[in-house]
Amino acid sequence: MDIRVVKYFDQSLPDQECRELLQEALEDEEIRREMIACRQLSSLLALDESRIDRVSGEEAYKRFIRHRRTSSGRVRSVRWIGSVAAAVLLFIGVRALFHPAVGLHPAAEAEWVQAEAPSPGGVRDLTLPDGTLVCLNSGSSLRYPGQFKGERRVELEGEAFFDVRPDAAHPFVVSTGKMDVKVLGTRFNVFSYPGRDLVISLLEGAVCAFRPESPEEVFRLNPGEQLEEREGRFLLHGLEEDPVTWMDGYFSFTDRTLGFILSRLECYYNVRIIVADPHLLEYRYTGKFSRSDDIISILAVLKKIYPFSVCPTDDPDVIRLESI
Amino acid sequence: MGEGFDYKDFYLTWYSRSKAFAREYVGDVMEAENIVQEVFLQIYQRRKSFPEDINWVSYLFTAIKNHCLDYLKNRLRRRTLSYDGYDRQAVDTLRMQALEQLDVDFPDQNRIQERIEKALSALPDRCRQVFVMNKLEGKKQNDIAAELGISVNTVESQMAKAYKILREELKDCIPILFFLLNIF
Chain A
125 MDIRVVKYFD QSLPDQECRE LLQEALEDEE IRREMIACRQ LSSLLALDES
175 RIDRVSGEEA YKRFIRHRRT SSGRVRSVRW IGSVAAAVLL FIGVRALFHP
225 AVGLHPAAEA EWVQAEAPSP GGVRDLTLPD GTLVCLNSGS SLRYPGQFKG
275 ERRVELEGEA FFDVRPDAAH PFVVSTGKMD VKVLGTRFNV FSYPGRDLVI
325 SLLEGAVCAF RPESPEEVFR LNPGEQLEER EGRFLLHGLE EDPVTWMDGY
375 FSFTDRTLGF ILSRLECYYN VRIIVADPHL LEYRYTGKFS RSDDIISILA
425 VLKKIYPFSV CPTDDPDVIR LESI
Chain Z
3 MGEGFDYKDF YLTWYSRSKA FAREYVGDVM EAENIVQEVF LQIYQRRKSF
53 PEDINWVSYL FTAIKNHCLD YLKNRLRRRT LSYDGYDRQA VDTLRMQALE
103 QLDVDFPDQN RIQERIEKAL SALPDRCRQV FVMNKLEGKK QNDIAAELGI
153 SVNTVESQMA KAYKILREEL KDCIPILFFL LNIF
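Residue numbers (this note's numbering), protein chains in the order written: chain A, 125 to 448; chain Z, 3 to 186.
Extracted from the complex, chain A is given alone in its bound form (with noise of 0.2 angstroms):
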């Protein structure tokens, strides 16, 4: 048995090795039936008696409970997670389940349609009428016409995901009033929320990007590369983060500012929130949040770190952060 398999398993194998075994994996019979052996056998061994634990069971029971009395039995979304974890920073996300798109594409010719995440932390799929598929995330909307003509162009507020079905004939154009995104086939990530510095993050393929109003400045991106407003202007750098954890349920940030962090979650959650001192805004963090979980639990684990306190306001909307 390759012994790398034991250490992948122990997750002590560093990275790069890691990386080698995977591919091997899929390459090699021998490897990968010694991987997925390896992890039926861990899972089998996860039944066993000695796992069992009835003060954790308990806990859950009690989210459970409250949960079955509020579910009419339709509601996907669950919030599952409750302020347990708040003690922990790490604190990896439920997904909000996916609301599948239904009804959205009425016969309509030219007309166009309107498609909306609910805010906060809805998520919603979309197929378009090309086969493109889009993720929305939360209070985000995408206009599209119902049958596409010629150049594939749709108008995006907020932030989506976009799995784009290739057609040279017809590229597909992303408008966020900022700029044009354009592509034949390829999956990336825009965030465009209104008031926000647009972000343009792409994981696979080729894009390129211009302002409407001078396409002949035209910024191209490779795999793994991001376009960033910043103050008005546009960089292009490295990915540093997975751009794309909200689709999977959470919001990860690594070694950002409390004023970045507070920027996304204003736009996730619909809310604003104010900050007296300044000197807070650059608190840094790296952590993980459920997107399920509501905003006041995310500031209060946020405060364990860099201890701040959180004043309510007379608008519900509207949050005031102090200095302590």
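For the record, the hints were derived by calculation from the structure and aren't laboratory data. It should be emphasised that the depicted structure is a prediction, and the values quoted were computed from it without experimental measurement. Be careful, since some hints might not be right.
Said to hold, decoys possible - Take a look, some chain A residues computed to stay more than 12 angstroms from chain Z by CB distance: (1) W236; (2) L322; (3) V342; (4) E355; (5) G383; (6) A424.
Stated by the list, open to error - Below 30 angstroms or equal to it, Euclidean Cα-Cα: the simulated DSS-like pairs (lysine-lysine) are: (7) A:K131 <-> A:K412; (8) Z:K163 <-> Z:K142; (9) A:K186 <-> Z:K50; (10) A:K428 <-> Z:K141; (11) Z:K163 <-> A:K131.
What the hints assert, rightly or not - Quick list of simulated restraints, FRET-style, between CB atoms: (12) Z:A124 <-> A:L360: 52 to 62 angstroms; (13) A:R408 <-> Z:N144: 26 to 36 angstroms; (14) Z:E102 <-> A:L363: 44 to 54 angstroms; (15) Z:D11 <-> A:S299: 50 to 60 angstroms; (16) A:D438 <-> Z:E102: 47 to 57 angstroms.
By construction, the Cβ of each residue, glycine as well, lies at the ideal position given by its N, Cα and C atoms.
Fit chain Z to the given chain A structure using the hints.
Only chain Z this time, still in chain A's reference frame:
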């Protein structure tokens, strides 16, 4: 639902284990909880419409398996390329294959336990000790080496041995786990 079915007891007996099981395949502890809670809710809502003699353990794990597979399929569809060069697609593909090939039509609890114990008892003492510390007590191999005063290499080779023996053991003596046959 039979009069003998104590829902809460069933939940408490299986919650932590099913979550650990799901976590092996979805990789994320919160996602695992989400799936497991969803399945327990389904069982709760439908419990009265099932025959009295239904095998709830088998039902539970079949539902968890299906939920995990759906989740992985979704994730694979979304993430064909990872941004950091770490091949999550390969990780998820292997997880999916492992789960697809796993027969979760488990017998009742006592028989599962019997089979796990029998398989573990086939391991030589030191090998079993290391394996149990790692897999059942959740200790990292490094810590086991320190605790037992042996080298990490030794721990790793004992683990490799344990995996190998268990594959054989479960293949031969646990018909319910015949999925293991498929991979030889």
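Verification of the supplied hints:
{"no.": "1", "hint": "W236", "result": "holds, 26 angstroms"}
{"no.": "2", "hint": "L322", "result": "holds, 18 angstroms"}
{"no.": "3", "hint": "V342", "result": "holds, 23 angstroms"}
{"no.": "4", "hint": "E355", "result": "holds, 25 angstroms"}
{"no.": "5", "hint": "G383", "result": "holds, 23 angstroms"}
{"no.": "6", "hint": "A424", "result": "holds, 17 angstroms"}
{"no.": "7", "hint": "A:K131 <-> A:K412", "result": "holds, 26 angstroms"}
{"no.": "8", "hint": "Z:K163 <-> Z:K142", "result": "holds, 17 angstroms"}
{"no.": "9", "hint": "A:K186 <-> Z:K50", "result": "holds, 22 angstroms"}
{"no.": "10", "hint": "A:K428 <-> Z:K141", "result": "holds, 28 angstroms"}
{"no.": "11", "hint": "Z:K163 <-> A:K131", "result": "holds, 13 angstroms"}
{"no.": "12", "hint": "Z:A124 <-> A:L360: 52 to 62 angstroms", "result": "holds, 59 angstroms"}
{"no.": "13", "hint": "A:R408 <-> Z:N144: 26 to 36 angstroms", "result": "holds, 29 angstroms"}
{"no.": "14", "hint": "Z:E102 <-> A:L363: 44 to 54 angstroms", "result": "violated, 32 angstroms"}
{"no.": "15", "hint": "Z:D11 <-> A:S299: 50 to 60 angstroms", "result": "holds, 57 angstroms"}
{"no.": "16", "hint": "A:D438 <-> Z:E102: 47 to 57 angstroms", "result": "holds, 55 angstroms"}
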